[in-house]
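Using the sequences and the hints, build the whole thing.
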Amino acid sequence: MAKTELKLLGARASPYVMRPRIALNIKSADYEFLQETPGSKSQLLLESNPVHKKIPVLIHNGKPICESLIIVEYIDEVWSSGPSILPSDPYDRAIARFWGAYVDEKWFPNLRILSTAEGEARDQVIGTLVEGLVLLEDAFVKISKGKAFFGGDQIGYLDIAFGCYLGWLRASEKMNVVKLLDEANTPGLVKWADTFSAHPAVKDVMPEIDKLVEFGKSLAAKFRAAKTGSS
Amino acid sequence: MAEIELHGTWPSPYSYRVLWALKLKGIPYEYVEEDLSNKSPLLLQYNPVHKKIPVLVHGGKPICESMIILEYLDETWPQNPLLPSDPYERAVVRFWVKFIEDKGPSAWVVFRTSGEEQEKAVKDSLEMLKTIEEHALGEKKYFGGDKIGMVDIACSGIAHWLQVIEEVVGIKILEPHKFPRLHAWTKTFKEAPIIKDNLPNQDEMLVFFKQAREKLLASA
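Chains A and B, in that order, are what the protein sequence lines are. For what it's worth, full-length UniProt numbering labels the leading residue of the first sequence as 1, then goes sequentially. For what it's worth, full-length UniProt numbering labels the leading residue of the second sequence as 1, then goes sequentially.
Note that these hints are calculated values from the structure, not bench results. One or more of the hints may lead you astray.
Here are the computed lysine to any residue pairs in the SDA-like style, where the Cα-Cα straight-line distance is at most 25 Å [to be verified]:
1. A:54 <-> B:11
2. B:141 <-> B:183
3. B:215 <-> B:201
4. B:51 <-> A:125
5. B:51 <-> A:144
6. A:227 <-> B:117
7. B:140 <-> A:62
8. B:98 <-> B:139
9. B:120 <-> A:113
10. A:106 <-> B:216
11. B:98 <-> A:42
12. B:98 <-> A:165
13. A:7 <-> A:38
14. B:23 <-> B:83
15. B:215 <-> B:124
16. B:39 <-> B:49
17. A:7 <-> A:28
18. B:190 <-> B:31
19. B:52 <-> A:90
20. A:147 <-> B:61
21. A:7 <-> A:83
22. A:106 <-> B:52
23. B:61 <-> A:89
24. B:178 <-> B:194
25. A:54 <-> B:105
26. B:98 <-> A:91
27. A:106 <-> B:184
28. A:217 <-> A:128
29. B:120 <-> A:116
30. A:227 <-> B:123
31. B:196 <-> B:184
32. B:51 <-> A:141
The structure is reproduced here in structure tokens:
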């Protein structure tokens, strides 16, 4: 019988690439990881994702699937005999998807802004980020119902959606010498962050914080150079 | 309280997405018109994070974000499915839904702005339409194939609201000769049963959106 052909195009530093990797680990699915070179896009990537030309792309038996959370849902549906990633109840699924969209559309963009913000703007962004984390703390308490993860006893969709940002969150805390997740405001998430990061499906695909700090610093420097260059 | 309530506003394409899904599946519901200039305590209670419509309330439990509501409806009431059953095809549908969610709002930026900002938004809108024309529709009658599906509903802004924006700002964006497939689809979609009987009146929308744009530009 032909082996299932499963390839994932990605890069280690990308939070979005982490998502399908965690999902595939949960399902114990073997795959070939094809690392994209930073600064250039492979022919395979351009052919597999002509609309966005972005990673991650999952290629399953030659067919490409794009957009990280869509890939996670696809993995959950295809590897249906493995542990479930999305909750089984439609209402709980709607809530998980709601918060997944929230972290992507409302919360994470501010983390990006933080890397280049200065002075008052920086303080404002930090305030916004912490406010968002307080909302997520509240969601965590309601959704986890006292268990370790948003998904309950097991890692689920929302753990993956939000947890993939932990590397950059911690790197940002280091680069900016600020606490975003802390015991006072977000005790549940502080504990969850550690438990999630140590989980067998996660720990090998979580990027090293110091490498992200290095990468983040070089990106910020490039951005500042571009700004002064154009004025 | 009715078992299912839809909280929406009459000029909103996002509101209509949910309304059409409910009607296509034959799900009885009660409609509640919200006043966004004076948000009701109930709306703020149902959607504290975004404070927006539409909100679907089912048995007292609120669900927010129109496309998330549609997935919920499809899972809870599987008749007349909006999503295909094959996982790969579902991933493709979700891809295009996300695309229009991310890029569609550029048309609303055209509506809200003027000058350089508006010019950029027009460019973005044209690119968005070009991508859909070239990659998403193909030779199909609907995005969903023979029947209306989730992508058709997601793209409905292009079918009915874009014209209003174009008239209010005086810029033609969806030109039939540039986007023949998409243009044909807008006609087919609006003539489909259920859709054609449930569209906001375009003259009323023109008045509403003209006034809204005047207010926006005055306060800028």
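Here is what the structure says about each hint:
| no. | hint | verdict |
| --- | --- | --- |
| 1 | A:54 <-> B:11 | violated, 35 Å |
| 2 | B:141 <-> B:183 | holds, 12 Å |
| 3 | B:215 <-> B:201 | holds, 21 Å |
| 4 | B:51 <-> A:125 | holds, 21 Å |
| 5 | B:51 <-> A:144 | holds, 24 Å |
| 6 | A:227 <-> B:117 | holds, 20 Å |
| 7 | B:140 <-> A:62 | holds, 23 Å |
| 8 | B:98 <-> B:139 | holds, 21 Å |
| 9 | B:120 <-> A:113 | holds, 22 Å |
| 10 | A:106 <-> B:216 | holds, 23 Å |
| 11 | B:98 <-> A:42 | holds, 24 Å |
| 12 | B:98 <-> A:165 | holds, 20 Å |
| 13 | A:7 <-> A:38 | holds, 18 Å |
| 14 | B:23 <-> B:83 | holds, 16 Å |
| 15 | B:215 <-> B:124 | holds, 24 Å |
| 16 | B:39 <-> B:49 | holds, 13 Å |
| 17 | A:7 <-> A:28 | holds, 14 Å |
| 18 | B:190 <-> B:31 | holds, 22 Å |
| 19 | B:52 <-> A:90 | holds, 21 Å |
| 20 | A:147 <-> B:61 | holds, 22 Å |
| 21 | A:7 <-> A:83 | holds, 21 Å |
| 22 | A:106 <-> B:52 | holds, 14 Å |
| 23 | B:61 <-> A:89 | holds, 13 Å |
| 24 | B:178 <-> B:194 | violated, 29 Å |
| 25 | A:54 <-> B:105 | holds, 21 Å |
| 26 | B:98 <-> A:91 | holds, 20 Å |
| 27 | A:106 <-> B:184 | violated, 35 Å |
| 28 | A:217 <-> A:128 | holds, 22 Å |
| 29 | B:120 <-> A:116 | holds, 24 Å |
| 30 | A:227 <-> B:123 | holds, 24 Å |
| 31 | B:196 <-> B:184 | holds, 15 Å |
| 32 | B:51 <-> A:141 | holds, 21 Å |
Taken one by one, the earlier hints fail for this structure at numbers 1, 24, 27, listed in ascending order.
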